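**Q** Here is how the chains run, residue by residue.
2 protein chains.
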Amino acid sequence: MSTPVSGTASAWQLGERALAERIRARFAPRPGVLVVGIGDDAAVATPVRGALEVFTTDALVQGVHFDPAFSTYEDVGFKALAVNVSDIAAMGATSRLALLSLVIPERLSTAEIDALLDGFAAMAAEANVTVAGGNLARSPAGQNDNGVLIVDVTVVGSVRPRKILTRSAGRPGDALYVTGQVGAAAAGLDWLRTQPGNAGREPQDPLIAECVARHRRPAARIRIGTLLGRNDAATTCMDLSDGLADAVTQIATQSGTGAVIDAAALPIHPGAGQWFSGRGLDPLLATLSGGDDYELLFGVPTKRRGRLRHVRQQSRGVPLTRIGELTKDRAIVLKRNGRLERMPPGFAHF
Amino acid sequence: MSTPVSGTASAWQLGERALAERIRARFAPRPGVLVVGIGDDAAVATPVRGALEVFTTDALVQGVHFDPAFSTYEDVGFKALAVNVSDIAAMGATSRLALLSLVIPERLSTAEIDALLDGFAAMAAEANVTVAGGNLARSPAGQNDNGVLIVDVTVVGSVRPRKILTRSAGRPGDALYVTGQVGAAAAGLDWLRTQPGNAGREPQDPLIAECVARHRRPAARIRIGTLLGRNDAATTCMDLSDGLADAVTQIATQSGTGAVIDAAALPIHPGAGQWFSGRGLDPLLATLSGGDDYELLFGVPTKRRGRLRHVRQQSRGVPLTRIGELTKDRAIVLKRNGRLERMPPGFAHF
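Going line by line, the protein sequences match chains A and B.
Mapping to my numbering: the first sequence position 147 is 147, numbers consecutive.
If you want my numbering, it's the position in the second sequence, counting the first as 1, plus 1000.
Honestly, the hints are just simulated from the structure, not real lab data.
These numbers come from a predicted model, not from an experiment.
Even glycine gets a Cβ: it sits at the ideal position worked out from N, Cα and C.
Don't take each hint at face value.
Quick list of simulated restraints, FRET-style, between CB atoms [as the list claims (entries may be wrong)]:
| # | chain 1 | residue 1 | chain 2 | residue 2 | range |
| --- | --- | --- | --- | --- | --- |
| 1 | A | 193 | B | 1013 | 22 to 28 Å |
| 2 | A | 232 | B | 1193 | 38 to 44 Å |
| 3 | A | 193 | B | 1028 | 38 to 44 Å |
| 4 | A | 197 | B | 1126 | 53 to 59 Å |
| 5 | B | 1161 | A | 26 | 38 to 44 Å |
| 6 | B | 1050 | A | 202 | 38 to 44 Å |
| 7 | B | 1013 | A | 106 | 41 to 47 Å |
| 8 | A | 106 | B | 1302 | 30 to 36 Å |
| 9 | B | 1335 | A | 48 | 56 to 62 Å |
| 10 | A | 30 | B | 1162 | 20 to 26 Å |
| 11 | B | 1337 | A | 46 | 46 to 52 Å |
| 12 | B | 1028 | A | 48 | 42 to 48 Å |
Covered stretches of chain A (chain B as the covering partner; in silico rule of three or more C-beta atoms under 8 Å from a C-beta of chain B) [claimed, not checked]:
| # | stretch |
| --- | --- |
| 13 | 122–130 |
| 14 | 282–289 |
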């Protein structure tokens, strides 16, 4: 039983056990998914018959990947799961289970923890993911700061053999496609960072507001990733966590090909285009280098174009835009106004 | 390709990509274990036919779970995996795969990262675990400190259905056993903390040296956990990460029983007994409350005692000591010199 405390009390005051119990109560599993759930030495689940297991882990670190002045704790919880679910989708796989490892600073209140869990639960419901377990640890305070919050997540998924979409399976001649629109998350973060006093405000311009929302809560392309795998529509796939330039480079390099991207074809979010232009930046380069878009980049061989049509019919309005192709020549280039440029570097966290 | 840098250079200078490549090279998987390994959006593995999947996650946080003055980075890497493998063993399961998520402060050198990876690899070899993937993130520096190192690990294991050892499967009358010896890790940490200048030294007394070694590199009871499950020798099991008092309380509470522990029967490590006595502490209470022993506590019903003999024959000299039993009466007590005392609280990280 959890000790009753006010929402403004430090989560530490609850103690590790009561906090673990609070999380267990929040994520009561649907019956049948887990053989053993939260509260034992480890969780136990039944594997999906005939499927392979897929694993990924990704952490959000306060001050590196998020700023509590720019995002609510609900946003942080949502995004921490979304970025992992996006990795599973980029393999053509389906997310099943999540483990939530929290490193918690002393000043974090129980209300803030609850908000984080709410956001995590919202994404878990969207992705049909069961929270199977996790870990709680204290974040030590420095001499002049209170320690940082770290949300480290592992997601387990499943995929049928021969339906896996790897980064290395591209071949020269494969057309490259991207889901949705790109550049919005980078523009949204830039708006938050450059406008004094923007932290607590919402942009008045609805297009910029979309960009800020995309930074806070990326739309992991769960459905499309699975459809691309199941329908054998794509060979290679990767998510744009570190930006489009990085993803094109990774797929081409790991596939042993080059790539040509057609600048005019890129589905740059109109808010991002407007924002970067207004800042005197090249919207194309800012978009290519910007991270945190969790769209998918994928390759489609010519003979599979028909299969892509099936995916498009089920994509619920998410655009799938052809932006270039993989080439035999190993160069990775951008075609703009009939001229070839070198691809800019991707986004790097460090 | 990794940039050549001296061992004293900051790992950050390598950059995220080169550091990821260094880790991938260090953990080249044995052929056949992974369908897709480190370097894609997610790892893909073939499940063990007919087995259930087991998952656990546990983090070591600098300043909370380890102190670089007391342990080498090799010790930290070893222990970060050992504490997870211990959780899998406590389910009667076998560890298969590990994911390594690092949050790295700027001052950590490449030599220190390499040492951490060496320790992790040593434990992985011991537990027959394949490193399937992971994540790298920057640990932000505070105003007057350089940020802390966090080693967050997820381990995936497998277990046959009906061979799972849960905390809740104990029944009144089950005898309680513990593996190995207890109290050593707590005594070793206490020696490091209380003796000025001990940080870099080794204890002259070989018994105390054993305690310090146990704090730095716990002996996860991988083999015995699996044997207990496979041979149907135990019903309930838990590792002593938060101490023996905590483990007895967890098993009894989750099983809906009480427990009586016989103080005279406890296999207290002689170095721990000697150290705590010399400090004027009650060795029994210090041992019961101390954390970081990764021994196993398990329950054996009367009719399974014969099966326990089979486990004992294969335990390679690790003692299995009967220390008490689960009771119908819900009280959790310690029997000392013919009198009953309340069980002290377990070790709490916060």
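**Q** Hint by hint, say whether it matches the structure.
**A** Cross-check of the supplied hints:
1. Range check, residue 193(A) to residue 1013(B): about 25 Å between beta-carbon atoms, so the 22 to 28 Å window is met.
2. For the pair residue 232(A) and residue 1193(B), the supplied restraint of 38 to 44 Å is violated, since their beta-carbon distance comes to about 60 Å.
3. Separation of residue 193(A) from residue 1028(B) is about 40 Å and conforms to the stated range, judged on CB atoms against 38 to 44 Å.
4. Between residue 197(A) and residue 1126(B) the beta carbon distance is about 55 Å. The supplied range of 53 to 59 Å therefore holds.
5. Take residue 1161(B) and residue 26(A): their Cβ atoms lie about 28 Å apart, and the range 38 to 44 Å is violated.
6. The supplied range of 38 to 44 Å is broken by residue 1050(B) and residue 202(A), whose beta-carbon atoms lie about 54 Å from each other.
7. Between residue 1013(B) and residue 106(A) the beta carbons are some 32 Å apart, a value that contradicts the proposed interval 41 to 47 Å.
8. Distance hint for residue 106(A) and residue 1302(B): a CB-CB separation of about 48 Å, inconsistent with the stated range 30 to 36 Å.
9. Between residue 1335(B) and residue 48(A) the beta carbons are some 48 Å apart, a value that contradicts the proposed interval 56 to 62 Å.
10. Look at residue 30(A) against residue 1162(B): about 23 Å separates their beta carbons, and that is inside 20 to 26 Å.
11. A C-beta distance of roughly 49 Å is found between residue 1337(B) and residue 46(A), which places it inside the suggested range of 46 to 52 Å.
12. For the hinted restraint 42 to 48 Å between residue 1028(B) and residue 48(A), the CB-CB distance of approximately 28 Å leaves it violated.
13. For a cut-off of 8 Å, the count of residues in the stretch 122–130 of chain A with a CB near a CB of chain B stands at 0, and the three-residue condition is violated.
14. Under the rule that three or more residues need a Cβ within less than 8 Å of chain B, the assignment of the stretch 282–289 of chain A is violated, with 0 such residues.
When each numbered hint is compared with the structure, violations occur for hints 2, 5, 6, 7, 8, 9, 12, 13, 14.
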